[in-house]
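Sequence order for the protein chains is A and B. Numbered according to our numbering, the first sequence spans residues 1 to 292. Numbered according to our numbering, the second sequence spans residues 1 to 160.
FYI, nobody ran anything at the bench for these hints, they're computed from the structure. Note that beta-carbon positions come from the ideal geometry of N, C-alpha and C, so glycine has one too. Heads up, a few of these hints could be off.
Covered by chain A, according to a simulated footprint, are these stretches of chain B (three or more residues, beta-carbon under 8 Å) [to be verified]:
#: 1; stretch: 18-24
#: 2; stretch: 52-59
#: 3; stretch: 62-72
#: 4; stretch: 92-104
#: 5; stretch: 135-143
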Amino acid sequence: MKPAQFEYDDPQTLDEALELLARHGDDCKVLAGGQSLVPLMNFRLARPGRLIDINGVASLSHITSESGRLVIGAMTRHVELERSTEVARQSPLLTEAIGWVGHSQIRSRGTIGGSVAHADPAAELPAALAALDATFHMRSKQGARVLGWKQFFVSEFTTALAPDELVTAVQVPDQDPSTGTAFVEYARRHGDFALGGAAVTIKLGRDGRCENATIALLSAGPAPVRAEAAEKQLRGARIDESSIHAASVEAVKGLHPTTDLHGSTEYRVGLLQTMTERALTKAAERARSMTG
Amino acid sequence: MNRKISVEINGQVVDGLVEPRLLLADFIRDNASLTGTHLGCEHGVCGACTVQLDGRPVRSCLLFAVQANGRRIATVEGMAPSATTLHPLQQAFHESHALQCGFCTPGILMTMEAFLREEPDPTPERIRSALAGNLCRCTGYQNIITAVRLAADRLQQTRA
Ligand SMILES: Cc1cc2nc3c(=O)[nH]c(=O)nc-3n(C[C@H](O)[C@H](O)[C@H](O)COP(=O)(O)OP(=O)(O)OC[C@H]3O[C@@H](n4cnc5c(N)ncnc54)[C@H](O)[C@@H]3O)c2cc1C
Ligand code: FES
Ligand code: FES
C-alpha cells in the first residue's frame with residue numbers, strides 16, 4: 001500500500017507548470033488535493049512516472065466575481081468553497097452541494113479542479129456545475145480554451161482534457177434573483193459517494209409559472225446527466241405537486257445506472273426519481289420565497 | 001530524486017532526505033519516530049492517520065512528506081500540555097470511556113480538536129457529522145460523542 005516511485009516537480013507559477021506538462025505530457029499526472037489520485041497511487045492502480053504538484057501555483061487559488069459570473073480557480077479547496085460568502089450569495093447550489101463532499105479532512109485538501117478533472121460519476125460538483133451551465137477554462141502551452149460542461153465531461157473518469165492541459169478555473173453564471181436551487185442526494189453514510197442525487201434550478205416568471213428549469217443527476221450514468229425532456233416539460237408549466245411528479249418520472253426515463261453491490265438498476269432509478277422530486281420541490285419553495 | 005525537507009512537527013523542526021513517494025504518515029512515524037499517528041487503510045477512508053496541517057485536519061496517508069516541507073504539522077503527541085496533564089479532550093475521552101483499543105483515538109482527537117476550535121458549542125448531531133470521517137470499530141461512538149461534549153463544556157468554562 002505504498003505508491004511506486006515517481007519524479008516530483010513543484011512549479012510555483014502557471015507557466016512553469018504548463019512548461020513541465022508540455023515536456024512530460026503522457027508520463028506525468030497533475031497533483032492537486034491528492035484526495036483521489038493518492039489513494040489510486042497507494043493501491044498502485046495509478047503509477048505516474050512524474051507528478052506535477054500544482055499546490056504552489058498561487059494564481060490558481062481564488063474566488064472572484066466578474067460581470068455577472070463567479071470565477072473559481074482550479075486550486076480552490078472544498079473548504080474554501082464551503083465557507084465562501086460570495087459563493088453562498090451568488091451560487092447557493094454550489095454551497096449546498098459541497099456540504100455533501102467527503103469529510104472535513106478531505107475538504108481541507110480536495111479542490112474543485114481536481115473534482116472536475118477526476119470526473120467521478122458519483123461526485124457532487126460535476127452535477128451541480130452541469131445544472132448551473134458552468135464553463136470550464138483550460139490551458140496548455142499551446143493556448144487556452146473554454147468548454148461547456150457537456151463537452152468537458154466525456155465519460156466516467158474521462159474528460160476532454162489533453163495530457164498537457166490544466167483546468168485553470170470554473171465559471172458559473174450568477175444566480176438570477178427569481179431562481180431557486182436545490183441539491184439532494186442519498187448515501188448510506190454521510191460523506192460517502194452518493195447512490196443517487198439531483199441538482200436542480202427553477203426560475204419562476206412574474207405569473208408564477210416556470211420560466212426555466214435545469215435538472216442534473218449524479219450516479220445516473222457515466223457522466224452528469226441533464227434531464228432535458230423533463231426540463232422542457234416544466235418550462236411554462238405551473239409548478240405544483242403534479243407537475244413536479246410528472247417531471248421526475250420523465251427525468252429518469254431511459255436511464256440505466258449499473259447494478260452493483262450498493263444497489264440494483266431498478267433501485268437506483270427509483271432513488272433518482274425520488275431525489276429529483278425532492279430537489280424540485282425544495283427549489284420551487286425557495287424560488288417562491290425569493291419572488292415573494 | 002531524493003529531497004531535503006524540514007517539517008515543523010509539534011513545534012520541533014524535523015529534517016529528512018526523502019523520496020518523493022514517502023507518505024507524510026510514514027515520515028511522521030519513521031523519521032520523526034512519532035508513532036501515535038496510526039495507519040489503518042492508507043486510502044483516506046478510516047481517519048486513523050488524521051493530523052493537522054497548519055491547523056487543519058488532513059489525512060497524512062494522502063499527503064507526501066515533500067508537500068509538508070516548511071509547513072506546520074500537529075500530531076497527538078503534541079496535545080498534552082505536560083507529561084502529567086492531559087489536554088481537556090484527552091481527559092474527557094479517558095473519563096468517558098471513549099476508547100477501547102485506542103487505534104482510532106489519535107485521529108479522532110486531531111479531528112475533534114480542530115472541530116471544537118471552530119465550533120466551541122456543538123450539538124450532538126454536529127459532533128456526529130464531524131466524526132463521520134473517522135471509523136471506530138470498538139466503541140459504538142456513543143461515548144465519543146459524550147466525551148467531545150464534556151470537553152466542549154470544560155473548554156468553554158476555561159475560556160469564560
Ligand atoms: C474518503 C474520501 C471520501 C470522498 N468523498 C467524496 C464525495 O462524497 N464526493 C466527491 O465528489 N468526492 C469525494 N472524494 C474525492 C474528493 O472530493 C477529491 O478531492 C476530488 O475528487 C479530487 O480533487 P483533488 O484536488 O483531491 O484532486 P487529485 O486527487 O489531486 O487529482 C484527481 C485527478 O485530477 C487531475 N487534476 C487535478 N487537478 C487538475 C487540474 N487543475 N487540471 C487538470 N487535471 C487535474 C489529477 O491529475 C488526477 O488525475 C472523497 C475522497 C476521499 C479520500
Ligand atoms: S490510514 Fe489514512 S485514512 Fe485510513
Ligand atoms: S477504540 Fe478501537 S477502533 Fe476505536
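Worksheet item: Would you say the stretch 52-59 of chain B counts as covered by chain A, given the rule of at least 3 residues with C-beta under 8 Å?
Response: Per the Cβ count (5), the hint holds.
Worksheet item: Counting residues of the stretch 92-104 of chain B whose CB is closer than 8 Å to a CB in chain A, do you get three or more?
Response: violated (count 0)
Item to complete: Quick one: see if chain A covers the stretch 135-143 of chain B, three-plus residues with Cβ-Cβ under 8 Å.
Response: violated (count 0)
Worksheet item: the stretch 18-24 of chain B covered by chain A? Criterion: 3 or more residues, Cβ-Cβ distance below 8 Å.
Response: holds (count 4)
Worksheet item: Holds or violated: the stretch 62-72 of chain B covered by chain A, criterion of 3 or more residues with Cβ-Cβ distance under 8 Å?
Response: holds (count 5)
Comparing the model with each numbered hint stated earlier shows that hints 4 and 5 do not hold.
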